[in-house]
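Participant: Single-letter residue listing:
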Amino acid sequence: QDKPKIGAAVYGLNAEFMQIWAAALEQHPAVKQGLVEVTVFDGRYDALVQQEQFETMVTQGFDAIIFVPIDIEAGAAAVKVASDAGIPVFGSNTRVNSDLLSAYVGSDDVQSGYMEAKYVLDKIGCKGNVVVIEGPIGQSAQIQRLEGNMKALAECPDVKVLEDQTANWSRAEAQTLMENWLTAHPGEINGVIGQNDEMALGAIEAIKAADLDVKSFAIAGIDGVTDALLAVKADQMASILQDGAAQAQGALDLAIKAVDPTYEPMSEIWKTYADMPWNNGADKEYSVPWTPVTLENVDALLALRQ
Amino acid sequence: MAEALLQVRGLKKHFGGVAALSNGQFCLMPGSVHALCGGNGAGKSTFLTIVMGIQDRDAGIILRNGREVVFAKPSDAHAAGISIIEQELGPIPAMTVAENIFLGREPLARFGRVDFASMNRRAQELLDSLEFGISARTVMMDLTVAEMQLVEIAKALSHDAEVIIMDEPTSALGGAEASRLFAAIGRLKAAGKGIIYVSHRLSEIFQIADSYTVFRDGEFVGEGAIADVSREALIQMIVGRPLTEEFVKENTPGDEVALSVRHLNALDWVKDISFDAHRGEILVLYGLMGSGRSEVFERLWGLSEDRGGEVRLFGQPTNIRKPAQAIAQGLAFVTEDRKETGLVLTSDVRANLCLAHLDQLRLGPVMLKRREAAASQRMIDAFSIKTPSDRLEVSGLSGGNQQKVVLGRWFMTDPKVLMLDEPTRGVDVGAKREIYRIMSEFAKAGGAVVMISSEADEVLGMADRVVVLRDGRISGVLERAELSAESLLHLAA
Amino acid sequence: MPGTPSQSRNFKLLVAQYGQKYGILVALVLVCVILAFANEYFLTTRNLVNVLRQTSINGILAIGMTFVILTRGIDLSVGSVVALAGVVSASFATTATTAMVPGGPYPAVFALAIGVLVGVVCGLINGVIVAFFRVPSFVATLGMLSAARGLTLLYAGGKPVPALTDSFRYIGTESILGVPMPVVLFALVFFASLWVLTSTRFGRHVYAAGGNPHAARVSGVNVNRVRLLVYVISGGLAGAAGMILAARTGSALTQAGIAYELDAIAAVVIGGTSLSGGVGKVTGTLIGALLIAVVNNGLDLMGVESYYQQVIKGMLIVAAVMLDQARSKQA
Amino acid sequence: MPGTPSQSRNFKLLVAQYGQKYGILVALVLVCVILAFANEYFLTTRNLVNVLRQTSINGILAIGMTFVILTRGIDLSVGSVVALAGVVSASFATTATTAMVPGGPYPAVFALAIGVLVGVVCGLINGVIVAFFRVPSFVATLGMLSAARGLTLLYAGGKPVPALTDSFRYIGTESILGVPMPVVLFALVFFASLWVLTSTRFGRHVYAAGGNPHAARVSGVNVNRVRLLVYVISGGLAGAAGMILAARTGSALTQAGIAYELDAIAAVVIGGTSLSGGVGKVTGTLIGALLIAVVNNGLDLMGVESYYQQVIKGMLIVAAVMLDQARSKQA
Ligand SMILES: Nc1ncnc2c1ncn2[C@@H]1O[C@H](COP(=O)(O)OP(=O)(O)OP(=O)(O)O)[C@@H](O)[C@H]1O
Ligand SMILES: Nc1ncnc2c1ncn2[C@@H]1O[C@H](COP(=O)(O)OP(=O)(O)OP(=O)(O)O)[C@@H](O)[C@H]1O
Ligand SMILES: [Mg+2]
Ligand SMILES: [Mg+2]
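Line by line, the protein sequences give chains A, B, C and D. In terms of this note's numbering, the numbers along the first sequence are unbroken and rise by one, the last being 306. In terms of this note's numbering, the numbers along the second sequence are unbroken and rise by one, the last being 493. In terms of this note's numbering, the numbers along the third sequence are unbroken and rise by one, the last being 331. In terms of this note's numbering, the numbers along the fourth sequence are unbroken and rise by one, the last being 331.
Everything labelled a hint here was simulated from the structure, so no lab data went into it. Hints are not guaranteed to be accurate.
[What the hints assert, rightly or not] In silico DMTMM-like cross-links for lysine to aspartate or glutamate, where the CA-CA straight-line distance does not exceed 25 Å:
#: 1; chain 1: A; residue 1: Lys-284; chain 2: A; residue 2: Glu-268
#: 2; chain 1: A; residue 1: Lys-127; chain 2: D; residue 2: Glu-305
#: 3; chain 1: A; residue 1: Lys-208; chain 2: D; residue 2: Glu-174
#: 4; chain 1: A; residue 1: Lys-215; chain 2: D; residue 2: Asp-166
#: 5; chain 1: A; residue 1: Lys-233; chain 2: D; residue 2: Asp-166
#: 6; chain 1: A; residue 1: Lys-32; chain 2: C; residue 2: Glu-305
#: 7; chain 1: C; residue 1: Lys-281; chain 2: B; residue 2: Glu-393
#: 8; chain 1: C; residue 1: Lys-281; chain 2: B; residue 2: Asp-348
#: 9; chain 1: B; residue 1: Lys-416; chain 2: B; residue 2: Asp-381
#: 10; chain 1: A; residue 1: Lys-5; chain 2: A; residue 2: Asp-283
#: 11; chain 1: A; residue 1: Lys-5; chain 2: A; residue 2: Asp-99
#: 12; chain 1: A; residue 1: Lys-123; chain 2: A; residue 2: Glu-147
#: 13; chain 1: D; residue 1: Lys-281; chain 2: B; residue 2: Asp-115
#: 14; chain 1: A; residue 1: Lys-151; chain 2: A; residue 2: Asp-108
#: 15; chain 1: A; residue 1: Lys-151; chain 2: A; residue 2: Glu-188
#: 16; chain 1: A; residue 1: Lys-208; chain 2: D; residue 2: Glu-40
#: 17; chain 1: A; residue 1: Lys-233; chain 2: D; residue 2: Glu-174
#: 18; chain 1: A; residue 1: Lys-5; chain 2: C; residue 2: Glu-305
#: 19; chain 1: B; residue 1: Lys-271; chain 2: B; residue 2: Asp-471
#: 20; chain 1: B; residue 1: Lys-339; chain 2: B; residue 2: Glu-298
#: 21; chain 1: A; residue 1: Lys-215; chain 2: A; residue 2: Glu-188
#: 22; chain 1: A; residue 1: Lys-215; chain 2: A; residue 2: Asp-158
#: 23; chain 1: A; residue 1: Lys-215; chain 2: A; residue 2: Asp-164
#: 24; chain 1: A; residue 1: Lys-215; chain 2: D; residue 2: Glu-174
#: 25; chain 1: C; residue 1: Lys-281; chain 2: B; residue 2: Glu-340
#: 26; chain 1: A; residue 1: Lys-160; chain 2: D; residue 2: Glu-40
#: 27; chain 1: A; residue 1: Lys-151; chain 2: D; residue 2: Glu-305
#: 28; chain 1: A; residue 1: Lys-127; chain 2: A; residue 2: Asp-213
#: 29; chain 1: A; residue 1: Lys-160; chain 2: D; residue 2: Glu-305
[As the list claims (entries may be wrong)] Where chain D lies over chain C, by a calculated footprint (3+ residues, C-beta under 8 Å):
#: 30; stretch: 124 to 135
#: 31; stretch: 138 to 147
#: 32; stretch: 152 to 165
#: 33; stretch: 259 to 266
#: 34; stretch: 269 to 275
#: 35; stretch: 311 to 321
Glycine included, C-beta positions come from ideal geometry on N, C-alpha and C.
Please take these sequences and the hints and turn them into a complete structure.
Facilitator: Rendered as structure tokens:
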């Protein structure tokens with residue numbers, strides 16, 4: 001019998017976060033020891049492409065699929081294609097609105113949205129003005145992080161949201177947006193809630209370009225990309241690390257288990273996160289905790305990136 | 001005896017299995033004008049573009065001053081002292097006249113800057129010396145076809161080349177401009193240069209050429225001195241059979257007015273044009289370049305806006321706003337610029353022939369392909385269009401054959417009134433006669449022809465009546481009996 | 001009897017034209033042969049059906065684009081129209097309680113008609129702006145690209161429209177005699193367009209209006225009407241493609257169709273249609289779309305790493321067209 | 001003496017040309033006036049400086065694109081070249097220990113030279129494929145769009161290149177006499193291009209090669225060389241733009257520049273340069289790029305909601321060009 005073939009369909013590999021996620025798959029002990037064969041498919045940020053890749057995986061008889069959909073709604077049809085062919089699908093990082101999913105390993109975006117907004121609001125003392133820079137409208141992460149943002153903002157009724165706009169996860173777009181906002185609201189902006197790190201970093205560059213003191217703003221992002229860790233280290237922003245590596249490796253453990261019921265998880269993550277028990281791979285949902293990046297843990301996190 | 005400036009032997013060229021030229025032979029002596037004659041598609045342009053290095057050859061040798069040469073690109077030919085006026089004009093529309101003339105050899109000032117002042121000055125001097133009356137600073141696209149042709153001529157002369165190739169330089173010109181060109185050619189000849197001259201207007205050839213070479217179907221058929229050949233003999237060599245008379249005219253004007261134009265204005269400078277064209281009549285609009293003849297046609301065709309005037313067709317008042325209405329009422333319009341407004345160069349011969357007649361070749365929205373094919377074959381036969389297949393792109397046809405395609409398109413529509421703007425431009429003697437015959441038959445059968453022509457021979461040979469325009473107004477009307485070259489010029493100038 | 005000179009000449013001409021016409025087909029076959037050797041699954045019926053299905057959406061867009069490009073235009077808005085038609089039609093065919101259209105779900109036919117209508121209206125606007133206001137098509141349709149995307153987000157409130165009815169999803173998921181519906185629809189569109197372009201008066205007008213608008217006008221072609229209609233066709237087909245996409249993926253996404261215009265135009269141009277108008281065939285577009293899909297599919301099958309894929313894909317497509325050019329030059 | 005007919009004709013022509021030349025400028029001014037009334041901050045020096053800075057990257061790309069479009073080509077690869085040149089040059093100027101280039105950071109000048117070189121090489125490849133292999137520029141540069149993006153990701157391993165040296169970032173962040181460096185560089189590029197296109201022999205040849213390639217060739221212009229060079233120019237400028245972008249954002253991102261080609265082409269076309277070649281001005285491109293930037297900036301300033309922004313932006317740009325067309329028609 002050949003070794004299990006596991007496919008990983010991710011929405012896109014152009015950004016650092018998914019790169020970390022994919023690299024973690026390759027670093028999984030089972031892959032390194034050659035127990036399973038993993039192929040990563042780049043969905044090119046298109047739900048249809050992802051679905052087509054599912055069709056391809058079915059054609060080639062993959063044994064299990066790990067799925068990071070571009071969108072919570074768009075993935076269901078793809079999952080059905082696989083499950084019709086008897087291939088189990090495990091979600092990772094982004095949910096799929098489908099009860100055919102075998103299990104899901106991810107982090108709750110509503111929670112991170114809440115956490116980052118809370119940080120900003122705490123820092124400005126629950127009063128003043130903030131701006132929100134959103135992800136691409138309609139994407140699940142944007143929808144859920146916004147929900148979290150709003151939850152935190154609701155707790156500070158005195159805080160006014162001066163502006164909210166999308167910058168499509170892009171640093172350059174966020175930078176332009178922030179430049180314009182700084183002009184439109186001179187001296188009024190106290191906090192910046194960026195729905196990811198890239199956009200928060202763009203805001204920081206705009207603030208610098210306007211000759212303002214970054215430290216006088218409360219800025220937060222999500223994901224924990226390398227540049228953001230460096231910015232945290234420089235005390236310019238807060239970030240919340242989403243452990244993509246854990247999401248990837250956890251899903252892979254589950255996928256192998258589905259192919260080979262005798263399999264025991266080999267990833268370190270089950271030790272790292274005591275809050276997330278393996279439970280013999282029987283759970284429907286595994287929630288990888290968020291890790292706020294602080295001046296204390298940033299060096300250790302940076303060391304992991306080498 | 002002096003050495004030949006240019007000698008060519010055994011030149012061959014084929015396009016995708018079709019031989020355009022199977023034996024091109026030519027010998028140009030210094031201080032002479034050498035006419036290259038041949039019917040449409042005889043391979044003249046192919047021959048000349050190969051000599052110029054614009055196309056490559058399949059076989060044959062070219063000797064320049066006795067030395068064999070191979071031109072990989074036109075600039076090599078320029079370097080060897082050869083320049084060309086191509087049959088198809090090559091303006092760079094967005095550039096000025098001076099920039100067009102000096103393209104590729106712009107004078108430079110400091111820092112690699114183009115010396116526009118000296119360029120404009122030199123271009124203007126050249127144009128003035130040729131008496132072309134064109135400003136060197138005008139943008140090319142604001143010129144008329146004729147003016148562009150003049151610029152093309154100035155450009156070829158500006159190269160100061162020893163061999164100057166002119167491929168139908170007068171096809172877009174009127175008499176006055178042509179005689180200026182001839183004067184320039186005379187000066188070049190006196191300076192010892194050699195000129196290769198292509199024209200389907202035989203009178204010109206007998207007026208300016210010293211010797212001739214004739215091609216037929218891609219083959220060299222003969223050469224000699226113009227002094228030793230008669231017009232009939234030359235025509236026979238070109239066409240391959242004797243041609244009894246050049247003009248065929250058997251129609252007689254009737255009484256019924258087919259097209260009546262009253263007080264028509266066009267644009268803001270063509271005013272108060274009135275004329276009647278009768279059934280059975282060939283009516284010519286004559287005038288110098290820019291006298292407004294084409295503008296009258298464009299107005300009648302609904303291409304320019306209504307500036308007043310009345311038009312009646314067979315007594316019925318009409319108000320044509322767009323070409324489709326004109327076609328529906330039995331008008332046909334051969335435009336003067338076949339490249340700009342005539343042909344769809346990217347389409348094949350059949351599509352071009354059928355374009356104005358699609359409504360009669362269809363069943364509901366569906367085209368009847370057999371009828372299309374039959375109709376197009378009919379026109380190919382009627383005008384003896386030389387093409388291997390009617391599915392060939394029309395851009396692959398020789399210039400004269402392209403012109404015949406435009407004519408064929410409009411004859412296919414079975415019109416009642418024909419509007420022809422310089423219909424025989426670039427058409428060979430044999431085919432011209434065919435066109436005259438068809439025109440004459442058309443008129444004889446009760447149609448009316450309104451033709452614009454700048455070629456005096458043609459006007460004298462074909463017109464029943466001539467309306468002469470000058471500066472956008474009618475300056476006189478001549479009956480056939482009153483026609484002469486002098487009377488035409490008198491009214492036009 | 002041995003061929004007369006003129007017969008053999010005609011034959012040579014035919015070969016030359018054939019080579020020019022099908023050069024890119026040769027490239028496609030070559031790529032397929034290579035892939036067949038490189039991967040055992042490539043030639044399976046199942047995978048070939050997949051390739052066809054994967055061609056269908058881009059293929060439908062590319063066919064509409066062919067009409068537009070034949071008239072010297074370009075339609076950048078197709079990707080956004082895909083999304084707009086998708087969410088609007090889906091909103092009539094969703095079982096979700098958050099539906100923005102009350103009283104739904106409506107019958108699929110109704111929803112589908114609305115989707116096509118949305119596409120047609122977008123196309124009509126493009127067409128009017130291009131044909132009557134003389135705005136370059138690049139600008140006009142770029143405006144629509146932006147506006148239609150914005151409308152999509154506005155209409156859907158930024159969220160996907162999920163839970164489409166099975167009858168709506170029929171056009172994306174079901175098969176007829178083993179042929180998936182998207183492929184069936186694509187084939188219908190292809191043959192209809194082939195017929196329109198080669199056999200109808202309108203088709204003749206499209207070529208003439210693209211080849212030489214001035215001459216076409218003088219010959220009685222209503223060039224503005226032709227221009228208008230090609231955008232309507234492109235818009236309508238984009239609408240159809242948007243619904244097939246929604247039906248396939250099971251929900252209509254507001255981000256659907258982003259950058260689809262590039263692939264559609266690529267298919268057209270690879271297929272030999274000239275961006276300067278008047279020259280081209282819908283058959284070429286089919287081959288172009290197939291080539292793109294085959295390359296994507298093949299690289300995925302072989303599990304080529306994503307980054308290399310992008311490099312290889314770029315090179316393969318250029319190489320295919322280079323081959324085509326070399327052939328047609330030599331012939 | 002009252003004007004002769006021919007004089008008055010010339011005068012009318014002048015007015016017509018003036019209108020055509022500056023029609024879009026009128027639209028730009030109009031939009032600015034509206035914005036000035038709608039938002040008090042619009043006309044502040046600070047905001048105007050912002051607008052210029054926000055114009056600069058697209059402006060530089062659009063100027064390179066102008067050269068290409070003048071020769072009837074198109075360069076879709078600029079966005080990807082922005083990213084590739086960005087990461088490659090940045091890898092020589094990063095202080096990060098994860099650097100892929102040993103021995104860094106190198107002097108900024110060196111890194112910058114390498115970035116331009118990367119752009120030039122990409123342009124050279126585009127140019128060779130277009131000019132000598134006769135591949136339509138759309139296909140050739142679409143291939144490069146894909147390949148260069150793949151190379152970017154491969155080179156950088158999918159991660160941004162962070163922590164650029166201050167000397168490298170100088171071109172993005174510093175100012176000279178209150179004018180930000182990107183604007184200074186943009187101005188340099190603009191005036192140099194203006195000079196090249198209007199005053200040099202090469203400039204004449206660009207117009208000729210685009211206006212009538214056959215005639216240009218017959219006149220001795222080396223059309224292939226001109227075609228090659230315009231892609232090199234576009235590539236080189238894209239390289240420069242990529243580094244300015246990296247310097248501005250503080251790190252070179254692998255996703256930088258996605259879809260930038262559309263905005264660049266839009267600026268060129270809005271500025272009146274014809275996609276069919278031979279006609280156009282770099283001044284128009286400047287105005288086009290400014291128009292796009294002003295619209296974006298104005299809508300942000302007024303705090304228009306995202307969804308509406310896209311709709312309005314699309315409509316505004318089309319309206320501006322419509323105004324331009326109407327003016328030039330009437331004149
Ligand atoms: N590019 C081409 N492709 C195919 N056939 C061509 C091409 N160019 C010329 N031919 C063919 O070669 C033959 C000779 O054409 P050429 O233009 O040399 O004739 P010509 O003597 O100049 O005629 P005319 O007096 O009408 O200008 C014609 O039959 C034409 O169809
Ligand atoms: N008085 C005038 N006012 C404006 N434009 C004029 C005038 N006279 C001549 N023109 C210009 O000259 C051109 C007329 O040239 P046209 O192309 O009609 O030349 P043609 O065909 O030799 O002459 P005709 O008009 O007699 O056929 C027009 O395009 C027009 O721009
Ligand atoms: Mg000729
Ligand atoms: Mg005329």
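Participant: Decide, hint by hint, whether the structure agrees.
Facilitator: Outcome of the hint check:
no.: 1; hint: A/Lys-284 <-> A/Glu-268; in the structure: 20 Å, holds
no.: 2; hint: A/Lys-127 <-> D/Glu-305; in the structure: 24 Å, holds
no.: 3; hint: A/Lys-208 <-> D/Glu-174; in the structure: 11 Å, holds
no.: 4; hint: A/Lys-215 <-> D/Asp-166; in the structure: 19 Å, holds
no.: 5; hint: A/Lys-233 <-> D/Asp-166; in the structure: 18 Å, holds
no.: 6; hint: A/Lys-32 <-> C/Glu-305; in the structure: 17 Å, holds
no.: 7; hint: C/Lys-281 <-> B/Glu-393; in the structure: 15 Å, holds
no.: 8; hint: C/Lys-281 <-> B/Asp-348; in the structure: 14 Å, holds
no.: 9; hint: B/Lys-416 <-> B/Asp-381; in the structure: 21 Å, holds
no.: 10; hint: A/Lys-5 <-> A/Asp-283; in the structure: 23 Å, holds
no.: 11; hint: A/Lys-5 <-> A/Asp-99; in the structure: 23 Å, holds
no.: 12; hint: A/Lys-123 <-> A/Glu-147; in the structure: 20 Å, holds
no.: 13; hint: D/Lys-281 <-> B/Asp-115; in the structure: 20 Å, holds
no.: 14; hint: A/Lys-151 <-> A/Asp-108; in the structure: 14 Å, holds
no.: 15; hint: A/Lys-151 <-> A/Glu-188; in the structure: 22 Å, holds
no.: 16; hint: A/Lys-208 <-> D/Glu-40; in the structure: 23 Å, holds
no.: 17; hint: A/Lys-233 <-> D/Glu-174; in the structure: 24 Å, holds
no.: 18; hint: A/Lys-5 <-> C/Glu-305; in the structure: 16 Å, holds
no.: 19; hint: B/Lys-271 <-> B/Asp-471; in the structure: 9 Å, holds
no.: 20; hint: B/Lys-339 <-> B/Glu-298; in the structure: 16 Å, holds
no.: 21; hint: A/Lys-215 <-> A/Glu-188; in the structure: 15 Å, holds
no.: 22; hint: A/Lys-215 <-> A/Asp-158; in the structure: 22 Å, holds
no.: 23; hint: A/Lys-215 <-> A/Asp-164; in the structure: 21 Å, holds
no.: 24; hint: A/Lys-215 <-> D/Glu-174; in the structure: 20 Å, holds
no.: 25; hint: C/Lys-281 <-> B/Glu-340; in the structure: 24 Å, holds
no.: 26; hint: A/Lys-160 <-> D/Glu-40; in the structure: 21 Å, holds
no.: 27; hint: A/Lys-151 <-> D/Glu-305; in the structure: 21 Å, holds
no.: 28; hint: A/Lys-127 <-> A/Asp-213; in the structure: 19 Å, holds
no.: 29; hint: A/Lys-160 <-> D/Glu-305; in the structure: 16 Å, holds
no.: 30; hint: 124 to 135; in the structure: holds (count 4)
no.: 31; hint: 138 to 147; in the structure: holds (count 9)
no.: 32; hint: 152 to 165; in the structure: holds (count 3)
no.: 33; hint: 259 to 266; in the structure: holds (count 4)
no.: 34; hint: 269 to 275; in the structure: holds (count 4)
no.: 35; hint: 311 to 321; in the structure: holds (count 8)
Hint compliance for this structure: every hint is met.
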